[in-house]
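Could you slot chains S, C, W and G with the ligands onto chain X? The hints should help.
Chains as they are written, first to last, in my numbering: chain X, 1 to 350; chain S, 1 to 393; chain C, 1 to 233; chain W, 1 to 294; chain G, 1 to 240.
It is worth saying that the hints were derived from the structure and are not from the lab.
All residues carry an ideal CB built from backbone N, CA and C; glycine is no exception.
There may be inaccurate statements among the hints.
[Claimed, not checked] When the alpha-carbon atoms are kept at most 27 Å apart in a straight line, the in silico DSSO-like pairs for lysine-lysine are as follows:
| hint | chain 1 | residue 1 | chain 2 | residue 2 |
| --- | --- | --- | --- | --- |
| 1 | S | 198 | W | 129 |
| 2 | S | 384 | W | 129 |
| 3 | W | 161 | C | 151 |
| 4 | G | 172 | C | 194 |
| 5 | C | 174 | G | 225 |
| 6 | W | 129 | S | 201 |
| 7 | G | 172 | C | 227 |
| 8 | S | 389 | W | 129 |
| 9 | S | 70 | S | 5 |
| 10 | W | 187 | C | 151 |
| 11 | S | 368 | W | 129 |
| 12 | S | 384 | S | 145 |
[What the hints assert, rightly or not] Pairwise CB distance ranges (calculated):
| hint | chain 1 | residue 1 | chain 2 | residue 2 | range |
| --- | --- | --- | --- | --- | --- |
| 13 | W | 147 | C | 11 | 47 to 55 Å |
| 14 | C | 121 | G | 13 | 20 to 28 Å |
| 15 | X | 113 | C | 130 | 26 to 34 Å |
| 16 | G | 90 | C | 125 | 39 to 47 Å |
| 17 | C | 62 | X | 113 | 56 to 64 Å |
| 18 | W | 162 | G | 104 | 52 to 60 Å |
| 19 | C | 114 | W | 163 | 20 to 28 Å |
| 20 | S | 347 | X | 86 | 21 to 29 Å |
| 21 | G | 72 | X | 21 | 39 to 47 Å |
| 22 | C | 14 | G | 195 | 31 to 39 Å |
| 23 | X | 21 | C | 130 | 56 to 64 Å |
| 24 | G | 19 | W | 188 | 47 to 55 Å |
| 25 | G | 183 | X | 113 | 41 to 49 Å |
[Claimed, not checked] Take a look, some chain W residues computed to stay more than 12 Å from chain C by CB distance:
| hint | residue |
| --- | --- |
| 26 | 53 |
| 27 | 60 |
| 28 | 72 |
| 29 | 83 |
| 30 | 250 |
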Amino acid sequence: MTLTSLLAPYRPTRKGLLLSLAMVAVLVALPLIAADSYTLHFVWKVLFWALAAAAWNIAGGYAGQFSLGHAAFFGLGAYGSTLLYMHFGLSPWIGMFVGAGAAVAFATLIGALTLRLQGPFFALASIAFAEVLRIAIVNWRSFTGGAEGLSLPFDPSFANMMFSDRLWYVYIMMAALLIVLLITYVLERSWIGYALAAMRENEEAAEALGVDTVRAKLFSIGLSAFLSAIAGTLYANYILLIEPSTVLSIGFSVEIALIAIIGGMGTPLGPVLGAVLIVPLSEYLRAEFAGSLQGLYLLVYGALLIVMVIVLPQGLMSAIRAPRATARRLRGAFGGSTRRRPVREESRHA
Amino acid sequence: ADPLKIGVLFPLSGPMALIGNEAYQAAEVARDMINKRGGVLGRPVTYAVADAPAPTAANAEATRLIVREKVPVIAGSYASSLALAASEVAEREGALYWETIAVADKITQRKYKNTIRLTFNASMMGQTAADFAKDIAGKLGKDPKDLRIAVISEDSEFGQSVGDAAANQTKALGMQLVANERYSRTVNDLSSLVLSLKAAKPDAVIATSYLNDAALFWRQVRELDLHIPAMIGIGTGYALPDFLAATGASADGIFDVDAPASPNVSNLPEATQKLYAEFIEGFRAKEKRDPGPLGLIAFGGFWTLFTDVIPRAGSTDLAALRKAAYATDLPDGSLLTGAGVKLNQIGEKEAGQNSRALISVMQWQDGKLQVVWPQSAANAEMRKVPLPKWSDR
Amino acid sequence: MLTVRKLDAFYGEIQTLHGIDLDVLEGEVVSVVGANAAGKTTLLNAISGTVERYGRVSFFDQDIGTLPPHAIARHGLVQVPEGRRLFPFMTVRENLELGAFAPHARAHRAESLEKVFDLMPRLRERSGQLAGSMSGGEQQMCAIGRALMAKPRAIMFDEPTLGLAPIMVDVVFKLVRSIKETGITILLVEQNVKHSLAMSDRGYVLENGHIVLSGPAADLLTDPRLKEAYLGG
Amino acid sequence: MSAIIVQLVVSGLLLGGIYALISIGLTLIFGVSRIKNFAHGDFVMVGMYLTYVLNSWSGLDSYLVLLIVTPLMFLFGLFLSWAIIRPIQGAPQVAQIFATVGLGLVLQNVTLMIFGGDFRTTASVFAGKVLRIGDIALPAPLLIAFAVAMAVVAVIYLFLKTSYTGKAMRAVAQDRRSASLMSIDVKGIDLFTFGLGTACAGLTGALLAPMFPVYPTVGINLVLIAFVVVVLGGLGSIAGALIGGLAIGLIETLSGFFIGSEMRQMAYFLVFLAVLLLRPAGLFGQRGSEKLGA
Amino acid sequence: MLEVRGISKQFGGLRAVNDVHLSIGKGEILGLIGPNGAGKTTLFNCIAGAFPPTEGQVLLEGRSITGLKAHQVCRAGLARTYQIVKPFGGLSVLDNVVVGAINQTHNIAEARRIAEEALVLTGLADRRDMPAASLPLPGRKRLEISRALATRPKVLLLDEVMAGLNPSEVEKAIVLIEAIRAHGISILIIEHLMRVITAVSDRIVVMNHGSKLAEGLPVDVLNDKAVIQAYLGEDFGAHG
Ligand SMILES: Nc1ncnc2c1ncn2[C@@H]1O[C@H](COP(=O)(O)OP(=O)(O)OP(=O)(O)O)[C@@H](O)[C@H]1O
Ligand SMILES: Nc1ncnc2c1ncn2[C@@H]1O[C@H](COP(=O)(O)OP(=O)(O)OP(=O)(O)O)[C@@H](O)[C@H]1O
Ligand SMILES: [Mg+2]
Ligand SMILES: [Mg+2]
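Chain X extracted, bound-state conformation (with noise of 0.2 Å):
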């Protein structure tokens, strides 16, 4: 009734309007009251997966170009606005524009290029063009420090967008996130939505029913690069160090996409729902296996993944909507019966 009934598609209702201004200062208040800055820390980078992961969404989820090579975009990010900070002095707050400017142009050669892909080619071809960028990064050393990266000189000011206060970070991010979500609602709503679910369907006759598939494509891909930049910006001003082998990585990639999914791609709350169950578990993983068994962190990682897509295949965002069809799915998934036994007759003649 509550979560569900906002959860719902294209139903928007004052209740739900209001539950979810309820959560918002729910959100908001929260980080006051629990104010330490591992906690921060942790709250911060929920949030941030959450965005990066909503971001990844809107290509990934909504218009069904599968990309694992996001880590390009949000890497251009990063670079872009750290780049034009280091060399020009630039804010951040301008330069993750103009990053995002970059991400946008780079997604547009990608989508232009990309156009009859799809699938798992495209996937493939995403990390390729991923793959070029870094390289080309890494390569291009004097300019972008090569494999080395760059690292920030911490220098706090609100211009610098460096806060010796974590919950500065926090509060930003949030709002980055808020108006991710924000965003996705609208889009998923409005008439674009639709075209890009047609497009994600079946893209021949999403054509034949007067969608720009073309345009549709670029705007969806352009739209989630330029948020992706953002969320790079945020990073890189927050961790204060960016070096290829981690933000343009492939493994990055695949976690953003990874989130997504596992909350449940195509609905807004699913990147959120995503970044909320596995940030905390990798993290409490990683804290609690640490410095006993090596590889029993990551071992027990990724046997929880394999069960969650047996499990919940579309995702949690599924569990939630349809409670009842899960829970029948996850007896099933336990050996348990789902429905009556087939029916036993005592004669073999009828």
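Chains S, C, W and G with the ligands alone, transformed into the frame defined by chain X:
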């Protein structure tokens, strides 16, 4: 007494886990040894362990160690990217960051007050390799200005900075830089690189490699019959027993520039010799094998912290710790590797960098890595300079 | 020989068949007619085992109600699916050969192939062509041929004339008739109700997943309820 | 100079043979069951460790051990297919990707826990042997791997084309339901295909072991190349895997020499993208199969 | 309304459509028949912009739409259905149709109203909330029509939308076609059911091997010797 908790941050899982764990094991031996001696400041030492496979994790874990575990010092970390991320947190949150192994120059170039590094940096390694090449020019039958040097490196942050330093030093010393190549450490084949070198005809190759690419390179050098009169490796790739296992007898005569794996113990002061024996024994008992060079370095870092810095600080207060750290003055030969400790002071260039870090050149000789340069640390004579042609082996 | 009792079928949440009882005797042609979405395809699929189903199905006294589809096909109960569903990137000959995948059919592959080619000479002409590139009628022939290759004891046809030109509709109906004459039992789902009932022995009428009417085909053809609902006046 | 170029081409082709070998199992599984197995590189890794362990325990040469490793990996594949792949067969393709990513993590870390992170080298009488024709060097292990790659391609190609089981596998690839109606045990075929693909990975591992040191994450480097090869050659096409593998090998050595070692990967990614642009289904892909996707 | 001038389409060595001329007036229904593989669907694809014709021109209300992209053709006022239906399986029936309507208006409430109208017309209104994937084949065909109608076309191309309907359903569908025509929409319809073709077509064009074989009023065409031989079969009429 209540225990003294020290933060320990290494990559214990993920792609850097191999050496991360080696260093962590050495740290455990150091803790056990100090506790046997009654701990530090009369308190037993315990570790708050953090596994940081990547910089984001390093940031998170460093924060956790300082804020939650309330550790006064974080020691680590082996990988430079982790050191950069974690030391940044230490600077912000107020703890001493004690780097024992990571070599990126940048770690001590950010003017951070709380970041100390006991080991050398990447540029020093690259320069040493070039210095060494010049030193053996005579043995190779060449005048240094005619010595043809090829620099190759894998393209990680370590390889790039070491490679650049080696290339620059080669030019600075007036030698011929005939090739300067980078490659990805995940390659499955280096034949094109070997063939490029074949065309460049170097007298010495200075190679910064990780392990699998080091083994791959040397295998293909042999297969493609490239004669390299002097092969100077830099870093762990050429030093690990795994390298020997992968290349067998053909490794004989290869140089490696690194902290000494088996320093000439007899050259060390008696106290250090004892310590050395105790550490080796402790490590063997725990891990059933000998420690590698990074284990030695890591141990030295932890041991200095426990036996010198914290006792002199007298408390775990940050200011006191920092003051004590910067006042450290251990002569050469104090650490197991033969190095000493004296930090560049705040305000100086590269504050927090140990100026007495020792880089040595080792050589594979009959399956053992012997220190052959500089003379003061050497425990064996250099041999096979130049290396015999493949057809003569 | 084919006995269906209390058969239910489900697509996920939705129950599509409700307690179907149906019998087909050896050598018979039985038609199932019904509106769109009545569940005719689902019925054939439930018998073939390709949808989730519960109930008793026996074929020549063998219980097949819980077997997987391939095992059912191996008992000689073969379906020609709606929309033909050939293997588009394989040649006609390969499609036919795959029809004889079941061990008992494989042994007679060569002679079955000759029989099929004799029955449908067009397929012999096209035996090297990729199945996906043939016209609808030819594809339908290939699908029927593929079923015959299995040495079936009974064939279930699901709308075999769907989308075919009138001239091909004739051809297909003639084919079905000649298959009946070889003694193979037939269960036929077809929208061309008049035509299919005319060649059937008995018929069932399916509505919303229930059997609402059954009996000899001739009686059904004249049944006023059927006439009104399905024969279009 | 010309000797160097000939050597580059030879080295490229030999390297390409390895890439082809790595990719065959992947393309097979991809083609028949539509499973995108991101753990494939880790299967190769497991094959390498198995070879290493059997070699060092029994002292048998790794080329003999191969005869044990391959069938063992077939069984391992059957088990994984039954335990993990079967339950996700109907799941959305993205979910499948992540199940296999998870599987890869598990395999990597189980080996890490058993063997530690050390690099392990497998002994063989052929390791280090080089066949020299004039100035051209042909390392024996590479040559053997290349020959095996050719043989495996030929055998699997013929198997798919002529054998009944092979045809059934192709049928399943094209229409699963139709195949089941033709008496084909689709789940059995899935199981068998996965077993076969895993056995190919195991065989690859055994052939790589004498050449490359093995460590828990060695598969990560292999799987991406394997995917590039498979998509370049064409989804599900065995001949495509061979041609794709050889092409990537050649591109690597030639670009490494003429442009610079740091550009090797860049070069093959660029070629890969160019091919996808011109032929979205890959060099040998069934036209339109890029839309099949799922 | 729609004029097709000398359209040809070549696939490699195969000339699937060869120099076909057609024209449809406002509110007219033109039947297009021919043996399987005659090139009817290919002609549709050329007209609707799924791919460009090798030769020839297509004019809509006198304006050339040749070579336009499918979505441009659609916006120009020409909608089509697919013989191999392509529903947006994951979306509800209603949402499928809304996609057609967003062409007309970017206001979703308005688009939904248009979509519901179309669903009422095609008789799918009671299944509006079902996922499209769960519709059986004929339902999907009606969904194709509904979506096409929601784009408010001037010309509608229908490709075998009645295949699989039983005789009484066919009768209802004929009524539906007439209702669509009553909205002033011109229709080009491919169908193999002669009952339908004769009932709705004002004129008929017969294709064979890519070329036009015959054209004219239904009675004339259906008694044409060549048409009977190529398409209807000698004993056509025995059952029809
Ligand atoms: N894949 C599916 N998923 C969910 N529901 C389905 C699916 N296929 C069919 N249905 C539902 O099952 C019911 C029966 O469909 P079925 O295809 O058996 O009808 P039919 O009698 O064969 O109709 P037709 O004459 O159109 O072929 C319909 O209500 C349909 O909506
Ligand atoms: N994309 C394509 N590439 C190659 N050949 C094609 C393509 N599309 C159709 N064809 C071929 O063109 C010919 C005409 O096909 P088309 O689908 O237009 O026939 P049709 O008249 O619609 O037949 P039906 O009544 O069975 O639907 C066929 O031989 C078909 O195989
Ligand atoms: Mg049906
Ligand atoms: Mg057609």
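Status of each hint after checking the structure:
Between residue 198 of chain S and residue 129 of chain W the alpha-carbon distance is near 20 Å, which keeps this suggested pair within the 27 Å criterion. Under the criterion of a C-alpha separation no larger than 27 Å, the hint pairing residue 384 of chain S with residue 129 of chain W is consistent with the structure, at around 23 Å. Under the criterion of a C-alpha separation no larger than 27 Å, the hint pairing residue 161 of chain W with residue 151 of chain C is consistent with the structure, at around 23 Å. Pair hint residue 172 of chain G plus residue 194 of chain C holds up; C-alpha atoms about 18 Å apart against a cutoff of 27 Å.
Taking the CA atoms of residue 174 of chain C and residue 225 of chain G, the gap is near 22 Å; set against the 27 Å cutoff, the hint holds. Of the pairs offered as hints, the one joining residue 129 of chain W and residue 201 of chain S holds, with about 24 Å between alpha carbons and a cut-off of 27 Å not exceeded. With a C-alpha separation of about 15 Å, the suggested pairing of residue 172 of chain G with residue 227 of chain C holds against the 27 Å cut-off. The straight-line distance between the Cα atoms of residue 389 of chain S and residue 129 of chain W is roughly 17 Å, inside the 27 Å bound, and the hint therefore holds.
A hinted pair counts as satisfied when its Cα atoms are at most 27 Å apart, and residue 70 of chain S with residue 5 of chain S qualifies at roughly 8 Å. Distance hint between residue 187 of chain W and residue 151 of chain C is fulfilled; the C-alpha atoms sit about 23 Å from each other, no more than 27 Å. Restraint check for residue 368 of chain S and residue 129 of chain W: satisfied, since their Cα atoms lie roughly 24 Å apart, inside the 27 Å limit. As the CA atoms of residue 384 of chain S and residue 145 of chain S are separated by approximately 22 Å, the hinted pair is consistent with the 27 Å bound.
A hinted range of 47 to 55 Å for the beta carbons of residue 147 of chain W and residue 11 of chain C is consistent with their spacing of about 51 Å. Here the CB-CB span from residue 121 of chain C to residue 13 of chain G is close to 24 Å, well matched to the stated 20 to 28 Å. For residue 113 of chain X and residue 130 of chain C, the Cβ-Cβ distance of about 31 Å falls inside the hinted range of 26 to 34 Å, so the restraint holds. Restraint check, residue 90 of chain G to residue 125 of chain C: a C-beta distance of roughly 42 Å satisfies the suggested window 39 to 47 Å.
Taken as a hint, the range 56 to 64 Å holds for the pair residue 62 of chain C and residue 113 of chain X, whose Cβ atoms sit roughly 57 Å apart. For residue 162 of chain W paired with residue 104 of chain G, a C-beta distance near 56 Å keeps the hint of 52 to 60 Å intact. A hinted range of 20 to 28 Å for the beta carbons of residue 114 of chain C and residue 163 of chain W is consistent with their spacing of about 22 Å. Between residue 347 of chain S and residue 86 of chain X the C-beta distance comes to about 23 Å, which sits within the given range of 21 to 29 Å.
For residue 72 of chain G and residue 21 of chain X, the Cβ-Cβ distance of about 43 Å falls inside the hinted range of 39 to 47 Å, so the restraint holds. A C-beta distance of roughly 32 Å is found between residue 14 of chain C and residue 195 of chain G, which places it inside the suggested range of 31 to 39 Å. A beta carbon spacing of about 60 Å between residue 21 of chain X and residue 130 of chain C agrees with the range 56 to 64 Å that was offered as a hint. At roughly 52 Å, the beta-carbon separation of residue 19 of chain G and residue 188 of chain W lies within the given 47 to 55 Å, and the hint holds.
Checking the proposed 41 to 49 Å range against residue 183 of chain G and residue 113 of chain X shows it holds: the Cβ atoms sit about 43 Å from each other. Under the 12 Å C-beta cut-off, the non-interface status given to residue 53 of chain W relative to chain C holds; the minimum distance is some 38 Å. Every beta carbon of chain C lies more than 12 Å from that of residue 60 of chain W, the smallest distance being close to 39 Å; the non-interface claim holds. No Cβ of chain C comes within 12 Å of the Cβ of residue 72 of chain W; the nearest lies about 28 Å off, and the non-interface call holds.
Every CB of chain C is more than 12 Å from the CB of residue 83 of chain W (nearest about 19 Å), matching its label as outside the interface. Non-interface status of residue 250 of chain W relative to chain C is upheld: no Cβ of that chain comes within 12 Å, the nearest being about 29 Å off.
Hint compliance for this structure: every hint is met.
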